[in-house]
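Student: Sequence:
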Amino acid sequence: MSSNTPKLKIQELENSASQSQVVNSSGYAILDVLVDKTVKSRGTNTPPSTPVDGDAYILGSSPTGLWSGKGTQIAFWRSSANAWQFIVPLTGWTLRVQDDLDANGIPKQYGYTGSAWAAPADGGSFTGGTLASALNEAPPVTLASAATVNIGAAAANTVNVTGTTTITAFDTIAAGATRRVIFAGILTLTHNATSLILPTGANITTAAGDVAEFVSLGSGNWKCISYQRANGTALATGGSSLSNFTEALNTTAPNATVPVVSLTATNAATNVDVVYAPKGTGAVLAQVPDATAAGGNKRGAGAFDFQTSRSTAAQVASGTNSVIVGGQQNTASGIRSFVGGGIGNSASGGNDVVVGGNGNSSSGGQNFIGAGGSCSAAGSYNSIVGGSSNTIQSANYCFTGGGQSNVHTGTGDYRCHLGGQSNSSPTGVTGSATTGGRENVANGDYSITLGGYQTQGRQIYGGVHHANGRFAANGDAQWSNYLFRARTTAATAADMTSDGAAVSANNVMVLNGGQQAWFGKIQLIARNTSNGELAAWEANVLLRRTNTAATIAIVGTPSFSLIASDASLSTLPTPNIYTNTTVGGAVISVTGLASTTIDWVARVNTVEAG
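Under full-length UniProt numbering, the first residue of the sequence shown is numbered 1, with each subsequent residue one higher.
By construction, these hints were calculated from the structure, which means they are not laboratory data. Note that the structure is a prediction, hence the values are computed from the model and not measured. Glycine included, every Cβ here is placed at the ideal spot set by N, Cα and C. Just so you know, not all the hints are guaranteed correct.
Cut-off 25 Å, straight-line C-alpha distance, at most; resulting in silico cross-link-like pairs (SDA-like, lysine to any residue) [said to hold, decoys possible]:
(1) 521 x 500
(2) 223 x 92
(3) 108 x 29
(4) 40 x 71
(5) 70 x 54
(6) 223 x 273
(7) 108 x 72
(8) 70 x 34
(9) 108 x 217
(10) 279 x 257
(11) 37 x 92
(12) 521 x 501
(13) 223 x 172
(14) 108 x 80
(15) 108 x 92
(16) 40 x 67
(17) 70 x 105
So the derived label-pair ranges between C-beta atoms look like this [what the hints assert, rightly or not]:
(18) 116 x 279: 29 to 37 Å
(19) 287 x 171: 20 to 28 Å
(20) 138 x 278: 44 to 52 Å
(21) 69 x 103: 30 to 38 Å
(22) 88 x 230: 55 to 63 Å
Assemble the whole structure, with the sequences as input and the hints as a guide.
Tutor: Given below as structure tokens:
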């Protein structure tokens, strides 16, 4: 009668003559499996369709087919018998599983507990005492960035990652394994709620020297449990990940030297608006204020400031609801003021605007400067379109179209320079204009110089002037055009003036200063307002002034010639012209008819010398 060995349960050979040469082939097959101590797989429940001689398996808890009823046993295939043979394991037996490898590629070992196969428990821990020598980690391993970086397979706990390729996953290692990863440059870690869990719940753009610690969750899933920026700043986090945006990094040409980090709306809708909204009265800005030239002073409530270059901390959008779009060294300190760009521009008044240019200053409130350089607008409601060194001082509602060094001096509203160079309107003048040219002066209320060169206004209300040069002083070689008016209602004399008021130094033909000579051609019309009937005259006049106002004189005797007359005005006295030595000018005088309202208008075209 045969028996089994106590350890491996191999059938013993009978000591009889008839069996002295018998080899227990089944027992040797079992011995072959147990001495080899390896199996192909663990927990398998289905027999392979084409087994190979000697293939061994640790069966699962519910095997099927030819393995049915052999749960947790060891099955091996014997080609000589063309059958599966089974081994009932004993507690403490250990086998290595070929398709379950550790970090070094070695099959893991499993032991039989008496009811199941399990991995051996971890080794003991330190509970006290002193190590005789230092416990050192293996040196760091360097890996290149890739879509999947095999940090789990690295033979070190610390991994240096180089390159800029976006990382979307790490390799598979047993759950609980940890790796410390040091990044050498800028790349994107792509957040995945299952396979690569990041603390921000969103992608992370790394920087050189950043350090992250990852723990394996098994099955190729990892979680970042710590992330430390190289510069010590905190990692930006949020209550939840951005589900409607995608963060990306571009380092390909032309972005190889200066990489581009983008945030793109990825909502499923065809068209998506994007809003960046501060809280309360917060500002929107491109740099963090630091009270230095680098970040600038604190911005105003509700301000918008995307300027990134300044020479002083004050060059920011500090006014409430002020705006600086870009440029450098610009300042928007007025409430609701605006600077579009350029360099060194300032908008300090309320609602002042400087679109661009260099060194422009808008300070009075409600002013506009388009571009140009070194232009300034004080006062209020003024505009300078562009040009260089154009100035509106303390006047209001004035305009300069362009040109160079054109000035509205002092006070006086509603003035205009369309362009040109070095044109001016003096303080106190209202409504004057220069249309261009060079070195022209519009110094009478509502007067105008028509381009030209070195034209001189005569301080006469509404005068029109033009010159194309001079002998010695502005106005000593020019022509002018003046309009005078008067209304009579009785048979009394009336003086015609350019503003309809009493005679003054600013509303009649005044030769205002020095030696001057005028030759004027007068066209005069009278209109009966009750019936529209008319009368008209012409006259020539030659005026001279040699010094003071008292030296004004008429050369010769001017004579008004009647051109035509309707019946109701046929009895009108002939107009005349006389000198006024108080103002230093000549005055046209007309006499009306009793109980008749007559409007008189005269145009005087002059050529002026001296």
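Student: Decide, hint by hint, whether the structure agrees.
Tutor: Outcome of the hint check:
With a CA separation close to 20 Å, the supplied pair residue 521 and residue 500 stays within the 25 Å bound. Distance restraint check for residue 223 and residue 92: the Cα-Cα separation of roughly 36 Å exceeds the 25 Å cut-off, and the hinted pair is therefore not satisfied. Distance hint between residue 108 and residue 29 is fulfilled; the C-alpha atoms sit about 23 Å from each other, no more than 25 Å. Note on residue 40 and residue 71: the hinted pairing holds, with a Cα-Cα distance of about 16 Å set against a maximum of 25 Å.
About 18 Å separates the Cα atoms of residue 70 and residue 54, which keeps this hinted pair within 25 Å; it holds. For the hint pairing residue 223 with residue 273, the CA-to-CA distance comes to about 33 Å; that exceeds 25 Å, so the pair is violated. At most 25 Å may separate the alpha-carbon atoms for a hinted pair to count; residue 108 and residue 72 meet this at roughly 17 Å. With a CA separation close to 17 Å, the supplied pair residue 70 and residue 34 stays within the 25 Å bound.
Pair hint residue 108 plus residue 217 holds up; C-alpha atoms about 19 Å apart against a cutoff of 25 Å. Only pairs whose Cα atoms come within 25 Å are accepted, and residue 279 paired with residue 257 is rejected, the gap being roughly 35 Å. With a C-alpha separation of about 13 Å, the suggested pair residue 37 and residue 92 falls inside the 25 Å cut-off, and the hint holds. Distance restraint check for residue 521 and residue 501: the Cα-Cα separation of roughly 23 Å lies within the 25 Å cut-off, and the hinted pair is therefore satisfied.
A distance of roughly 13 Å separates the Cα atoms of residue 223 and residue 172; the hinted pair therefore holds under the 25 Å criterion. Straight-line distance between C-alpha atoms of residue 108 and residue 80 comes to about 30 Å, which puts the hinted pair past the 25 Å bound. For a cut-off of 25 Å, the pair hint linking residue 108 to residue 92 stands: about 16 Å separates their Cα positions. A hinted pair counts as satisfied when its Cα atoms are at most 25 Å apart, and residue 40 with residue 67 qualifies at roughly 16 Å.
The straight-line distance between the Cα atoms of residue 70 and residue 105 is roughly 30 Å, outside the 25 Å bound, and the hint therefore fails. A hinted range of 29 to 37 Å for the beta carbons of residue 116 and residue 279 is inconsistent with their spacing of about 58 Å. Taking 20 to 28 Å as the suggested C-beta distance range, the pair residue 287 and residue 171 does not conform, at roughly 41 Å. One distance hint, 44 to 52 Å for the beta-carbon pair residue 138 and residue 278, holds here, with the actual separation near 49 Å.
In this structure the supplied range 30 to 38 Å holds for residue 69 paired with residue 103, their Cβ-Cβ distance being about 37 Å. Separated by about 60 Å at the C-beta atoms, residue 88 and residue 230 satisfy the suggested range of 55 to 63 Å.
Of the numbered hints listed earlier, those contradicted by the structure are 2, 6, 10, 14, 17, 18, 19.
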